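Residue numbers (my numbering), protein chains in the order written: chain A, 1 to 291; chain B, 1 to 184.
These are computed hints drawn from the structure, not numbers from a lab. Be aware that one or more of the hints could be misleading.
As the list claims (entries may be wrong) - Reference listing, derived: stretches of chain B covered by chain A, where coverage requires no fewer than 3 residues with Cβ under 8 angstroms from a Cβ of chain A: (1) 53-61; (2) 65-79; (3) 82-90; (4) 161-170.
Stated by the list, open to error - Derived BS3-like pairs: lysine-lysine, alpha-carbon spacing no greater than 30 angstroms straight-line: (5) K124(B) with K152(B); (6) K112(A) with K124(B); (7) K124(B) with K89(B); (8) K89(B) with K152(B); (9) K121(A) with K152(B); (10) K73(B) with K124(B).
For clarity, every value in this text was computed on a predicted model and none was experimentally measured. All residues carry an ideal CB built from backbone N, CA and C; glycine is no exception.
These are the residues of each chain, in order.
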Amino acid sequence: MNIFLSHVLAGLCLLLSAPLAAQDLMGMLEQDEEEQPEYAVNTFFTTRVINGQSIENPYPGDLIFIISHHFGRLNQGAYELWGLDQATIRLGLEYGVSDRLAVSVGRSSYEKTFDGFIKYKLLRQQSGVRNVPVALSLFSGAYLKSLKWPEGSDFEFRHRMSYVQQAMIARQFSRQVSLQLTPAWVHHNLVPTTDDPADYFVLGMGGRWRFSDWAGISLEYFYRFQEPESYDTYNSFAVGVDLDTGGHVFQLHFTNSQPMFESGFLSDTRGDFLDGDIYFGFHITRTFALR
Amino acid sequence: MLRKTLLVFVLGVLMTPVLFAQVYLTRNGTIRFFSEASLENIEATNRQVSSALNIENGEFVFRLPMRSFAFEKALMQEHFNDNFVESHKYPNASFEGEIHGFREADLLSGEEVEVMVEGELTIKDVTKGITERGTLRMEDGDILGSAVFVIKPEEYNIRIPTRYVRNIASEIEVFVDVRLSDKL
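With the rest of the complex left out, here is chain A:
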């Protein structure tokens, strides 16, 4: 009995002194370390996949200046230097109001269009504390065509407006591969004839393959569920290269869409890619930290 008890006590003694003997300081630090949420960063290099919006926003307090440029059509041949003699341009500013909210204004030479939008990150892809497999952002944009009406016409201001509501659902599958689905609804207050739809539902698909830390290849396609009757339009397509240099992101691309704002390229893409109506273009994105 005594021997048994002494064994038990000796055992207890060893158990109690074990943590003292080990005194593993690093182990102590690793113990009850707080787990931190691990957000997916850099799902796309910037706020655009190519023409379309990505789930990315400017960081809070950051102002992004985007210069977008589309040259003329490649199939115009040597006389027009394969489109390089012409250009449409959009200048845009985007500001990160908070972790989730961004606002933007822009102006395109295409039909002298002013645009403004807000973009809200509803869900951020993350692991760790919480597991959220996709990112979800909501977008609402308004577009004002400021081109002068023809002499003597009786259009009103509201006829200048178009609106786009869309959701962006993206997943970063790996550091290399990110994909995004973009369901969108476009509404035009004015359409060319009564046969043409005022509302378009569009499903966008986009992706990025990041082949190095600082560069990637992007693809984008927008499928429309409606088409106008009175004139020819096509689904928007784009393929491009993204180069991230730190403060700047350069996106070079080929697309059949001339306009660079949502209501334009989603429902009013006039180029037939397969027929060579291809515009070479680029975005230059510069970030300024304002606070």
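Mind docking chain B on chain A? Use the hints.
Just chain B, lined up with the frame of chain A:
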């Protein structure tokens, strides 16, 4: 036999708090780094440094989550984590070693004590031996420890593209400041 075991047991239990009191610890130490290059200076601060010191044998460690470095510009923070230190693969950096050159009595007197910190620093899974100067000082029952040293990013497998030579220094100054407490 039983009496002897009992004695060891009781002693063991009694000694436990005493032994533990030899370890000073913090969860919110600070590590700051500074890069000075011709175009810009970059500074980042991490306030989630865990650190512990055993004043009996000088054993000293720290550990920090790389994602907790706060930069002036959010975009820099993204590039730091995503492209340079690859926090998704190597979430923590750590140091394991010891502090030489101080006697408990000197420390308890409240004077600032010059010490040598020697051990192994691990960043991005690359472990290098370092020996640096530092100071220890006791204040209100806490131990204040600080050290300044220089690291070269390339030695820790942090590849910086050549276009950044004028933005990011090849030698980065690191400032460690911890307030270690014996209240666990």
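Among all the numbered hints in the text so far, which are the ones the structure does not match? As far as the earlier hints go, 6, 9 are violated by this structure, in ascending order.
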